[in-house]
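2 protein chains.
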Amino acid sequence: MTPPTDPVAGPATDPAAEPPSGVPGGAGMDEIRLARIALTWLAEPGNRAVSLLVARLGPVDALRHLLAGEASDPKLRAAVVSRTAADDPWEIAADAAERTERIGARLVTPEDEDWPPRLRDLSRLALASAARRVDQETAPPLCFWVRGAWPLAEALQRSVAVVGSRAATPYGLHVATEIGFGLAERGWTVVSGGAYGIDAAAHRGALNAGGLTVAVLACGVDRPYPVGHTALFDRIAEDGLLISEWLPGAEPLRPRFLIRNRVIAAATSGTVLVEAAARSGATQTLHRALALKRPAMVVPGPVTSAMSVGAHETLREYPEARLVTGLPHILEEVGRIGADLAPPARGPQRPHDALDDESALVLESVPRRGSLGPDALAARSGLALRTALRKLSMLEQLGLVVRRDNGYALPPARVRPRGQPPGPPSG
Amino acid sequence: MTPPTDPVAGPATDPAAEPPSGVPGGAGMDEIRLARIALTWLAEPGNRAVSLLVARLGPVDALRHLLAGEASDPKLRAAVVSRTAADDPWEIAADAAERTERIGARLVTPEDEDWPPRLRDLSRLALASAARRVDQETAPPLCFWVRGAWPLAEALQRSVAVVGSRAATPYGLHVATEIGFGLAERGWTVVSGGAYGIDAAAHRGALNAGGLTVAVLACGVDRPYPVGHTALFDRIAEDGLLISEWLPGAEPLRPRFLIRNRVIAAATSGTVLVEAAARSGATQTLHRALALKRPAMVVPGPVTSAMSVGAHETLREYPEARLVTGLPHILEEVGRIGADLAPPARGPQRPHDALDDESALVLESVPRRGSLGPDALAARSGLALRTALRKLSMLEQLGLVVRRDNGYALPPARVRPRGQPPGPPSG
Numbered sequence: 000m001t002p003p004t005d006p007v008a009g010p011a012t013d014p015a016a017e018p019p020s021g022v023p024g025g026a027g028m029d030e031i032r033l034a035r036i037a038l039t040w041l042a043e044p045g046n047r048a049v050s051l052l053v054a055r056l057g058p059v060d061a062l063r064h065l066l067a068g069e070a071s072d073p074k075l076r077a078a079v080v081s082r083t084a085a086d087d088p089w090e091i092a093a094d095a096a097e098r099t100e101r102i103g104a105r106l107v108t109p110e111d112e113d114w115p116p117r118l119r120d121l122s123r124l125a126l127a128s129a130a131r132r133v134d135q136e137t138a139p140p141l142c143f144w145v146r147g148a149w150p151l152a153e154a155l156q157r158s159v160a161v162v163g164s165r166a167a168t169p170y171g172l173h174v175a176t177e178i179g180f181g182l183a184e185r186g187w188t189v190v191s192g193g194a195y196g197i198d199a200a201a202h203r204g205a206l207n208a209g210g211l212t213v214a215v216l217a218c219g220v221d222r223p224y225p226v227g228h229t230a231l232f233d234r235i236a237e238d239g240l241l242i243s244e245w246l247p248g249a250e251p252l253r254p255r256f257l258i259r260n261r262v263i264a265a266a267t268s269g270t271v272l273v274e275a276a277a278r279s280g281a282t283q284t285l286h287r288a289l290a291l292k293r294p295a296m297v298v299p300g301p302v303t304s305a306m307s308v309g310a311h312e313t314l315r316e317y318p319e320a321r322l323v324t325g326l327p328h329i330l331e332e333v334g335r336i337g338a339d340l341a342p343p344a345r346g347p348q349r350p351h352d353a354l355d356d357e358s359a360l361v362l363e364s365v366p367r368r369g370s371l372g373p374d375a376l377a378a379r380s381g382l383a384l385r386t387a388l389r390k391l392s393m394l395e396q397l398g399l400v401v402r403r404d405n406g407y408a409l410p411p412a413r414v415r416p417r418g419q420p421p422g423p424p425s426g
Numbered sequence: 000m001t002p003p004t005d006p007v008a009g010p011a012t013d014p015a016a017e018p019p020s021g022v023p024g025g026a027g028m029d030e031i032r033l034a035r036i037a038l039t040w041l042a043e044p045g046n047r048a049v050s051l052l053v054a055r056l057g058p059v060d061a062l063r064h065l066l067a068g069e070a071s072d073p074k075l076r077a078a079v080v081s082r083t084a085a086d087d088p089w090e091i092a093a094d095a096a097e098r099t100e101r102i103g104a105r106l107v108t109p110e111d112e113d114w115p116p117r118l119r120d121l122s123r124l125a126l127a128s129a130a131r132r133v134d135q136e137t138a139p140p141l142c143f144w145v146r147g148a149w150p151l152a153e154a155l156q157r158s159v160a161v162v163g164s165r166a167a168t169p170y171g172l173h174v175a176t177e178i179g180f181g182l183a184e185r186g187w188t189v190v191s192g193g194a195y196g197i198d199a200a201a202h203r204g205a206l207n208a209g210g211l212t213v214a215v216l217a218c219g220v221d222r223p224y225p226v227g228h229t230a231l232f233d234r235i236a237e238d239g240l241l242i243s244e245w246l247p248g249a250e251p252l253r254p255r256f257l258i259r260n261r262v263i264a265a266a267t268s269g270t271v272l273v274e275a276a277a278r279s280g281a282t283q284t285l286h287r288a289l290a291l292k293r294p295a296m297v298v299p300g301p302v303t304s305a306m307s308v309g310a311h312e313t314l315r316e317y318p319e320a321r322l323v324t325g326l327p328h329i330l331e332e333v334g335r336i337g338a339d340l341a342p343p344a345r346g347p348q349r350p351h352d353a354l355d356d357e358s359a360l361v362l363e364s365v366p367r368r369g370s371l372g373p374d375a376l377a378a379r380s381g382l383a384l385r386t387a388l389r390k391l392s393m394l395e396q397l398g399l400v401v402r403r404d405n406g407y408a409l410p411p412a413r414v415r416p417r418g419q420p421p422g423p424p425s426g
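Residue numbers (numbering that gives the first Met the number 0), protein chains in the order written: chain A, 0 to 426; chain B, 0 to 426.
Treat the hints loosely; a few may be bogus.
Copies of one chain are not kept apart here, so a pair can be met inside one copy or by any two copies together.
Derived DMTMM-like pairs (lysine to aspartate or glutamate); straight-line CA-CA distance at most 25 Å [what the hints assert, rightly or not]:
1) Lys74 to Asp86
2) Lys292 to Glu69
3) Lys74 to Glu312
4) Lys292 to Glu363
5) Lys74 to Glu90
6) Lys74 to Glu153
Quick caveat, the hints were computed from the structure, so don't treat them as lab data. Just so you know, these numbers come straight off a predicted model, no measurement behind them.
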């Protein structure tokens with residue numbers, strides 16, 4: 000299809016190329032979205048010059064401007080020339096759109112209601128690095144590919160990033176799992192990078208709590224890296240979200256991990272660094288959080304461990320970085336009024352805080368997933384069957400447990416990220 | 000002997016008691032010193048009212064004033080009445096003076112050149128706690144009992160306190176030993192409280208490096224506590240110093256440890272907290288250092304360890320407390336210009352920093368205590384005997400090693416706290 004001139008983007012300036020007509024997937028994918036895909040492909044995500052151009056002209060005219068060879072940034076101009084020598088950006092975009100559909104993913108752009116509002120803060124970061132003449136990809140993403148059913152903005156609204164070393168120690172893995180579990184249990188989405196070590200421990204902790212977790216990838220959502228995490232990624236896509244700024248099929252090139260890190264820091268209410276070697280990628284994510292004035296939290300460790308050197312260095316160098324030893328400290332930071340764009344969190348308000356000890360014991364013994372019979376629940380809570388049954392009946396009346404499969408289970412709402420959100424849309 | 004009226008202390012105001020004549024030890028112990036002992040006995044060390052009185056009237060008239068029942072502080076007045084019901088303070092002081100001599104200890108008072116100048120800063124601390132109406136024994140000590148040959152002020156001039164939990168973990172013991180060793184190796188005196196756990200590890204680390212260590216006790220220097228450390232205390236008295244504000248024979252009563260802590264913080268260039276449970280005595284020492292504006296350093300640990308809770312709490316609550324992971328960070332803090340009354344340290348200047356690699360290896364392999372033959376030194380340094388001999392000859396010419404017992408040893412100066420100090424006086 001021939002795209003109409005977008006009235007919002009102003010008059011088209013000498014369009015050098017047009018999107019091909021009748022591209023597959025073009026039906027559900029308007030010109031702006033295709034332009035965002037093409038721009039993402041032309042330069043690495045986070046490119047400041049592209050971002051400024053899009054802010055000025057809109058995605059479609061920004062793309063036309065670039066394709067006409069009018070980029071003022073010489074590096075960007077050279078990249079456009081080299082990338083368009085053999086390929087047509089509009090065709091690449093159309094192919095990517097088709098592939099997106101085929102792999103069961105979806106595209107989310109800043110034009111969508113589902114765009115995470117916090118990401119706009121990256122414009123400030125990009126301006127700051129421009130002012131300091133630092134050549135870094137710190138501009139906001141142009142679009143996201145998303146696998147998973149949850150609305151993106153909602154999933155990220157109350158979220159905490161947990162990042163750290165791939166070569167984590169048992170200590171770090173334990174701490175990251177506990178934090179991931181605890182955050183998810185209290186309705187916070189756990190965001191990380193899907194890597195081995197700390198990332199995986201945080202994701203798994205959240206999944207095991209029946210909570211929501213988001214993996215921000217540095218490659219296509221259809222080829223998540225590392226391959227050893229294929230099963231983990233499938234589980235995350237099923238219960239949470241896999242997201243990426245890169246086109247389907249994009250390779251996990253080394254620099255992309257650092258580019259990706261700004262999204263982890265920007266999309267969340269705060270970032271927790273669990274274990275990191277000196278000057279590692281995870282410390283960079285924390286520095287991004289600091290630059291964005293988000294709560295930047297660091298878990299200390301043994302000074303004898305090389306895997307805590309980056310954590311201790313960060314605590315020494317950045318007085319704004321906050322030492323945290325576990326969930327209470329983290330909740331204190333991200334729950335601070337004004338700490339994020341979400342309504343001020345008043346800390347976890349769990350119904351059973353108001354229960355008597357025995358009822359609370361019974362409620363605690365109901366599994367987060369699946370159900371258990373009264374006998375098992377009595378055994379788990381250490382109460383007599385008769386007492387357990389009385390308490391279960393009371394808990395059922397309060398709506399804190401439901402009967403299922405001849406036993407008791409938690410009501411579905413308990414594992415959702417917020418008070419009364421709608422269930423995830425189907426596909 | 001009847002003491003003459005001290006012209007410095009001004010006119011005697013209705014002396015209620017006089018020191019007994021002909022007391023043993025009185026020969027070497029003048030009236031001021033006896034008065035300081037008596038005052039220390041009358042009220043616990045660090046008593047603010049006593050300290051102010053001594054500052055105003057001098058020790059002798061302060062004592063007379065108190066014995067005349069003229070203390071304005073009602074608690075102090077009551078203490079004086081109860082203590083003097085059965086005992087005469089002058090006699091107690093004379094007995095203590097005799098016992099001091101008998102146990103081979105000595106008394107050091109602010110009138111002596113050997114008084115550590117940093118302790119005067121406690122007057123500020125006492126004024127601050129008076130202003131905040133906090134009832135704490137924070138005033139400077141009235142005198143010290145000292146066992147060991149080193150001059151007290153000199154031993155403490157370049158010193159670092161290393162404090163922590165009695166119930167230390169293997170991790171904490173390892174870190175404290177390393178820090179104690181490293182500090183001593185670089186000519187810093189290691190000060191601690193002689194307790195089990197971190198204190199002992201720090202003392203032992205210093206002793207093993209052939210360095211100087213000072214144990215500040217909360218009981219008489221002739222009955223150091225805990226008794227399980229008798230051998231350690233003997234070694235400290237031999238190579239370093241055992242010091243106390245309490246009279247010989249004084250018991251290690253619980254509150255005395257907290258009173259003692261202010262001396263550890265005040266006498267040193269800085270305090271390092273290695274491991275501490277929540278709200279422990281060791282964290283109190285660090286708080287004293289903070290109040291005195293001395294470098295207050297904290298070694299983090301695993302967040303899973305109860306023995307690091309106090310360390311992490313302190314780092315979270317006091318932004319002035321500095322996270323340190325080892326010796327380089329500690330030297331950076333205590334070596335800061337203006338951080339202490341000692342001339343600004345320019346960091347360790349070790350002669351072999353200017354040596355070639357092989358010579359440095361040989362020098363490093365010379366034991367800190369005793370001597371080794373050329374064969375052993377060649378083996379330790381991993382060099383051929385011929386090379387080792389050549390380097391040893393060169394090192395001898397540079398004065399960096401000396402021949403002893405058919406081998407080579409470090410010259411005595413190398414294990415001394417500073418560049419060219421005099422050797423310790425004999426007894």
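Here is what the structure says about each hint:
Within a single copy, Lys74 and Asp86 get their C-alpha atoms as close as 19 Å, which meets the 25 Å cut-off; across copies the closest is 92 Å, which misses it. Taking identical chains as interchangeable, the C-alpha atoms of Lys292 and Glu69 are never at most 25 Å apart, the minima being 35 Å within one chain and 60 Å between chains. Taking the shortest Cα distances, Lys74 and Glu312 never come within 25 Å of each other, neither inside one copy (34 Å) nor across copies (49 Å). Taking CA atoms no more than 25 Å apart as the test, Lys292 paired with Glu363 passes in neither setting, with 37 Å inside one copy and 48 Å between copies.
Taking the shortest alpha-carbon separations for Lys74 and Glu90, only the intra-copy value of 23 Å comes in at or below 25 Å, while the best inter-copy value is 91 Å. In the homo-oligomer, the alpha carbons of Lys74 and Glu153 never lie at most 25 Å apart, since the shortest distance is 37 Å inside one protomer and 64 Å across protomers.
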